[in-house]
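Asks: Required output: the full structure, derived from the provided sequences and hints.
Number of protein chains: 2
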Amino acid sequence: MYRTHTCGELRLEHQGIEVTLAGWVQRKRELGGMTFVDLRDRYGITQLVFDEKASAELNDKLKKLGREFVIQATGHVRERSSKNDHLPTGDIEMDVADLKVLSPSAVPPFTIEDESDGGDDIRMKYRYLDLRRNPVRENLVLRSKMAHAIRSYLNDQEFIETETPVLIKSTPEGARDFVVPSRMNEGQFYALPQSPQVFKQLLMVAGFDRYYQIVKCFRDEDLRADRQPEFTQIDCEMAFVEQEDVLNTFEGLTKHLFKAIKNVDVADFPRMSYADAMINYGSDKPDIRFDMLIKDLTDVVKGHQFSVFDDAEFIGAICAEGCADYTRKQLDALTNWVKRPQIGAKGMVYLKCNADGTFKSSVDKFYSEDELQKWASACGAKAGDLILLLSGEKASMLDALGALRLEMGKQLGLMDKNTFKPLWVVDFPLLEWDEETQRHYAMHHPFTAPKPEDIALLDTAPGKVRANAYDLVINGVEIGGGSVRIYDSELQSRMFDLLGFTKEEAQAQFGFLMSAFKYGAPPHAGIAFGFDRLVSLFAGLDSIRDVIAFPKNNAGRDVMIDSPSPIAQNQLDELNLKVVLKEKK
Amino acid sequence: MYRTHTCGELRLEHQGIEVTLAGWVQRKRELGGMTFVDLRDRYGITQLVFDEKASAELNDKLKKLGREFVIQATGHVRERSSKNDHLPTGDIEMDVADLKVLSPSAVPPFTIEDESDGGDDIRMKYRYLDLRRNPVRENLVLRSKMAHAIRSYLNDQEFIETETPVLIKSTPEGARDFVVPSRMNEGQFYALPQSPQVFKQLLMVAGFDRYYQIVKCFRDEDLRADRQPEFTQIDCEMAFVEQEDVLNTFEGLTKHLFKAIKNVDVADFPRMSYADAMINYGSDKPDIRFDMLIKDLTDVVKGHQFSVFDDAEFIGAICAEGCADYTRKQLDALTNWVKRPQIGAKGMVYLKCNADGTFKSSVDKFYSEDELQKWASACGAKAGDLILLLSGEKASMLDALGALRLEMGKQLGLMDKNTFKPLWVVDFPLLEWDEETQRHYAMHHPFTAPKPEDIALLDTAPGKVRANAYDLVINGVEIGGGSVRIYDSELQSRMFDLLGFTKEEAQAQFGFLMSAFKYGAPPHAGIAFGFDRLVSLFAGLDSIRDVIAFPKNNAGRDVMIDSPSPIAQNQLDELNLKVVLKEKK
Numbered sequence: 001m002y003r004t005h006t007c008g009e010l011r012l013e014h015q016g017i018e019v020t021l022a023g024w025v026q027r028k029r030e031l032g033g034m035t036f037v038d039l040r041d042r043y044g045i046t047q048l049v050f051d052e053k054a055s056a057e058l059n060d061k062l063k064k065l066g067r068e069f070v071i072q073a074t075g076h077v078r079e080r081s082s083k084n085d086h087l088p089t090g091d092i093e094m095d096v097a098d099l100k101v102l103s104p105s106a107v108p109p110f111t112i113e114d115e116s117d118g119g120d121d122i123r124m125k126y127r128y129l130d131l132r133r134n135p136v137r138e139n140l141v142l143r144s145k146m147a148h149a150i151r152s153y154l155n156d157q158e159f160i161e162t163e164t165p166v167l168i169k170s171t172p173e174g175a176r177d178f179v180v181p182s183r184m185n186e187g188q189f190y191a192l193p194q195s196p197q198v199f200k201q202l203l204m205v206a207g208f209d210r211y212y213q214i215v216k217c218f219r220d221e222d223l224r225a226d227r228q229p230e231f232t233q234i235d236c237e238m239a240f241v242e243q244e245d246v247l248n249t250f251e252g253l254t255k256h257l258f259k260a261i262k263n264v265d266v267a268d269f270p271r272m273s274y275a276d277a278m279i280n281y282g283s284d285k286p287d288i289r290f291d292m293l294i295k296d297l298t299d300v301v302k303g304h305q306f307s308v309f310d311d312a313e314f315i316g317a318i319c320a321e322g323c324a325d326y327t328r329k330q331l332d333a334l335t336n337w338v339k340r341p342q343i344g345a346k347g348m349v350y351l352k353c354n355a356d357g358t359f360k361s362s363v364d365k366f367y368s369e370d371e372l373q374k375w376a377s378a379c380g381a382k383a384g385d386l387i388l389l390l391s392g393e394k395a396s397m398l399d400a401l402g403a404l405r406l407e408m409g410k411q412l413g414l415m416d417k418n419t420f421k422p423l424w425v426v427d428f429p430l431l432e433w434d435e436e437t438q439r440h441y442a443m444h445h446p447f448t449a450p451k452p453e454d455i456a457l458l459d460t461a462p463g464k465v466r467a468n469a470y471d472l473v474i475n476g477v478e479i480g481g482g483s484v485r486i487y488d489s490e491l492q493s494r495m496f497d498l499l500g501f502t503k504e505e506a507q508a509q510f511g512f513l514m515s516a517f518k519y520g521a522p523p524h525a526g527i528a529f530g531f532d533r534l535v536s537l538f539a540g541l542d543s544i545r546d547v548i549a550f551p552k553n554n555a556g557r558d559v560m561i562d563s564p565s566p567i568a569q570n571q572l573d574e575l576n577l578k579v580v581l582k583e584k585k
Numbered sequence: 001m002y003r004t005h006t007c008g009e010l011r012l013e014h015q016g017i018e019v020t021l022a023g024w025v026q027r028k029r030e031l032g033g034m035t036f037v038d039l040r041d042r043y044g045i046t047q048l049v050f051d052e053k054a055s056a057e058l059n060d061k062l063k064k065l066g067r068e069f070v071i072q073a074t075g076h077v078r079e080r081s082s083k084n085d086h087l088p089t090g091d092i093e094m095d096v097a098d099l100k101v102l103s104p105s106a107v108p109p110f111t112i113e114d115e116s117d118g119g120d121d122i123r124m125k126y127r128y129l130d131l132r133r134n135p136v137r138e139n140l141v142l143r144s145k146m147a148h149a150i151r152s153y154l155n156d157q158e159f160i161e162t163e164t165p166v167l168i169k170s171t172p173e174g175a176r177d178f179v180v181p182s183r184m185n186e187g188q189f190y191a192l193p194q195s196p197q198v199f200k201q202l203l204m205v206a207g208f209d210r211y212y213q214i215v216k217c218f219r220d221e222d223l224r225a226d227r228q229p230e231f232t233q234i235d236c237e238m239a240f241v242e243q244e245d246v247l248n249t250f251e252g253l254t255k256h257l258f259k260a261i262k263n264v265d266v267a268d269f270p271r272m273s274y275a276d277a278m279i280n281y282g283s284d285k286p287d288i289r290f291d292m293l294i295k296d297l298t299d300v301v302k303g304h305q306f307s308v309f310d311d312a313e314f315i316g317a318i319c320a321e322g323c324a325d326y327t328r329k330q331l332d333a334l335t336n337w338v339k340r341p342q343i344g345a346k347g348m349v350y351l352k353c354n355a356d357g358t359f360k361s362s363v364d365k366f367y368s369e370d371e372l373q374k375w376a377s378a379c380g381a382k383a384g385d386l387i388l389l390l391s392g393e394k395a396s397m398l399d400a401l402g403a404l405r406l407e408m409g410k411q412l413g414l415m416d417k418n419t420f421k422p423l424w425v426v427d428f429p430l431l432e433w434d435e436e437t438q439r440h441y442a443m444h445h446p447f448t449a450p451k452p453e454d455i456a457l458l459d460t461a462p463g464k465v466r467a468n469a470y471d472l473v474i475n476g477v478e479i480g481g482g483s484v485r486i487y488d489s490e491l492q493s494r495m496f497d498l499l500g501f502t503k504e505e506a507q508a509q510f511g512f513l514m515s516a517f518k519y520g521a522p523p524h525a526g527i528a529f530g531f532d533r534l535v536s537l538f539a540g541l542d543s544i545r546d547v548i549a550f551p552k553n554n555a556g557r558d559v560m561i562d563s564p565s566p567i568a569q570n571q572l573d574e575l576n577l578k579v580v581l582k583e584k585k
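Top line first, the protein sequences correspond to chains F and U.
The first sequence begins at 1 in full-length UniProt numbering and counts up one residue at a time.
The second sequence begins at 1 in full-length UniProt numbering and counts up one residue at a time.
No copy labels: a pair is met if it fits in one copy or bridges any two.
Cut-off 30 Å, straight-line C-alpha distance, at most; resulting in silico cross-link-like pairs (DSS-like, lysine-lysine): (1) Lys346 <-> Lys329; (2) Lys518 <-> Lys63; (3) Lys255 <-> Lys145; (4) Lys451 <-> Lys64; (5) Lys63 <-> Lys28; (6) Lys394 <-> Lys360; (7) Lys216 <-> Lys125; (8) Lys410 <-> Lys394; (9) Lys100 <-> Lys451; (10) Lys145 <-> Lys262; (11) Lys451 <-> Lys464; (12) Lys216 <-> Lys578; (13) Lys382 <-> Lys302; (14) Lys451 <-> Lys61; (15) Lys125 <-> Lys503; (16) Lys339 <-> Lys329.
Think of the hints as simulated: they come from the structure by calculation, not from any bench.
Replies: Now the structure itself:
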């Protein structure tokens, strides 16, 4: 027993009793012959007080104490003369009678405070020290709490948590697999799962009815800021259900989480078609915390000798409320912003709906006040608003207007992190056409069922077929997605065919699934949530890295353990492998 | 909505209402113009009744129905004339008005019944059909329930569930690693974790205080019956604790599980030293459901011109109660059993303590009745008992007697699967000497702390140093193990030194851990339970394979998905790898 209480536990009611605490030295200060030490553990901070005249031996130990030393202290609890209202333990302190240093500490490479002086790289290298900081640890405590709340909810709903294998089989579809050479099966490889998709479908064929798992998944992709080679999914599947059953079940889970974890009541989630999301928000993950919908002004603005508009496929606009007083400088900055390659607009036209009822636009010489009034009406703008127009190819301008909308939302403070607006985006296209490879790809995955009413289009206009697929979007973040699945082996074969698989390839890769469908497969559907994203949303963070205990950097490296790393020659030999570096080819 | 109720739900109280059920056709029989179908889902079986004269259309569908067809049926619930007491739904049946075939089924390759006619291989190939069988599914439902009970318990005790990385770093210590080539870091590899050992220790350094995770671990070992390349651990670690704190916490968890899952109260777990376990049970995982302790008869039996005993280092015996009437044939069979290579005895001596008070042994010509009486007394044998003696090298004879004890326990029915006798085995040796490589290996792992009172022996007699290490053993099965950890970088260096690491190797492999210990590491200790084994113990099964949804066979293959398998040349090229098959060397 290293302690009788934790550093977050003692209150006035403990006054007079002898206690032992253990923890880290947060700080030490000397004042009028007394030394004060703030002792920290996971549960809180307690003030220890040493009377420097009380014991020479104790005083000796005290002199050597530095930040982050691990100590054990015993003494009586007493009321503090100057209370600290910021600490739950702020009414008391320990009058230390005995002190033991359990572990000394070198000076940490950065300060272990809520706001650290350490940069990203050094904090990642010493992640175990970074994790000592309250905000970092709190993110991971939140993660643990959320995982437990999710499991309890799904457990109560009779979902069976089932572990699916990590060593599976490489498939050419989807992202790049991580592979694992097999020693016992020469020249062969396992793959790490990008998701347990086929296994959860097989569990439905097996009659498991309701499956879930919080599970690690793996993708060997070039990493962007918000990607990790290993990430965690809340993976679910249900049998004998239709799309609505899945949406209702997981809307229930999501509401439960908001209530249980954040004590927030969220309203019923609206459903929005993919087509509407793209037209109104320029995004398949619309942030509906604010409106500022995209308006199609193509018909309104064309035909006035302004060739930029006249030649464009599409002219769209958003209306930023109360921004008519934007300065030239602000407007220029916005114009530059939309011209960046990742936004891709050629330029921007603005229309100020001045407070006095007049209009001022960047294209005044082409349009009369009356014409401009029509723009304002089409946008539902009122005096004081600012209308921003982009023109060009329709799909890319919708994207650009979607991005501009978010930028304006940010500038206007419309994206409060403590407001949560979930919605379901539904009716995604089944297939995407890829110009480069001249073939269709599954937008969700090859197991997604087309809408029954669109099946006839599979032969004539596959690009127009809608899927029974859905995404849960919260505050512009795609939190999860899923679909109703194909459960008929012939329709599944036809899908593989459409996706350019030969019969042999389909058989080699997914023969077991199509075979399973021949023995009585129930209708089924499922969903997977990105757990890392969900936690970071709840934590009010922008990156998933902050909710992962030991994340990897953008090169897929764990800089703390220095991995990946070369392996021994005998390991390579046992695996029948030879490394052939690119330089040597 | 494919159903209004499940197949396990309807009772007399539902009589008269119209319901829709969906599920699999378990069986179909015709009787007096009526057709009866047992409809099965995960929740149970409900009898559907079709009046063959009611509807020609319905009757037509009915004729085509085969086993394992997935159907949806609608009709009214009515009381059954002949009730079935074996079914919870046995009081009612559905009078079917409408029937829809959702999925037909080919004839399954084996019967989907509690006792199947399918052999192991075919059931593994069609695992999704095997999982439909009640006993198989129930094992996995048990697993899910146990996981949730474990998490709830640890959650209540303020353990933080923290995910540790799966893509880590290969280390030469321990079993063989599975490795994962990195595409982004040429010629370098990740390894899959054999356990999250160092990460959980780093979480203690980080102040997490109480960590747990139910986590997949990986070992590339040649597979025995009860091993899988991927397996699941309940992995835990605590800071500011001593051995007793860990034992108490996880004894509490284990008792909770027995109570919550099996409604069994188990007594406090005895503690037994490794040395006592080896001497009395010939095993470091003693099955204490029965006594039959090993007795050392070396001093009692030596010196009677029986050279086999006189030349032996050790003569030990067990006393099998009430077996004095074992026949010649039974004794010969036992003798052959102990002479098998895996047991390794040269022969066996027996002593029958006959019911009439006389003795009969296989070495009567060397020993008088008085001498044999001494054996009996030394073994605490009474009239009617059978004493079995083995002689030879001490350590291997203790092993052999331990195995013989279990064999006799089995023959005497002393190993009831519904009796649970957990215990803690403690005070394991810190190190094992390996003759072949002429070096010490860590018995537990290199991070285990020696007992403080034995530290002085590290230099003089390292083989005698005991560790603060412990195993939880239940019914002769090692369920879990753990240890108090080293938290001092110097002692850790010394351990690596003892284990034959050079300074450079230790630094390269574990530098980050020794570095972490320099910044204030708390005393900590932990444990890991084999979750697969724990579930199979609770399920009354001998193999872990039956509690894993998609297990691999002894060659590490998943025969259902046919994995591992070759990968495409472009995948190998991207990974800078070339396969060099053994034959081609």
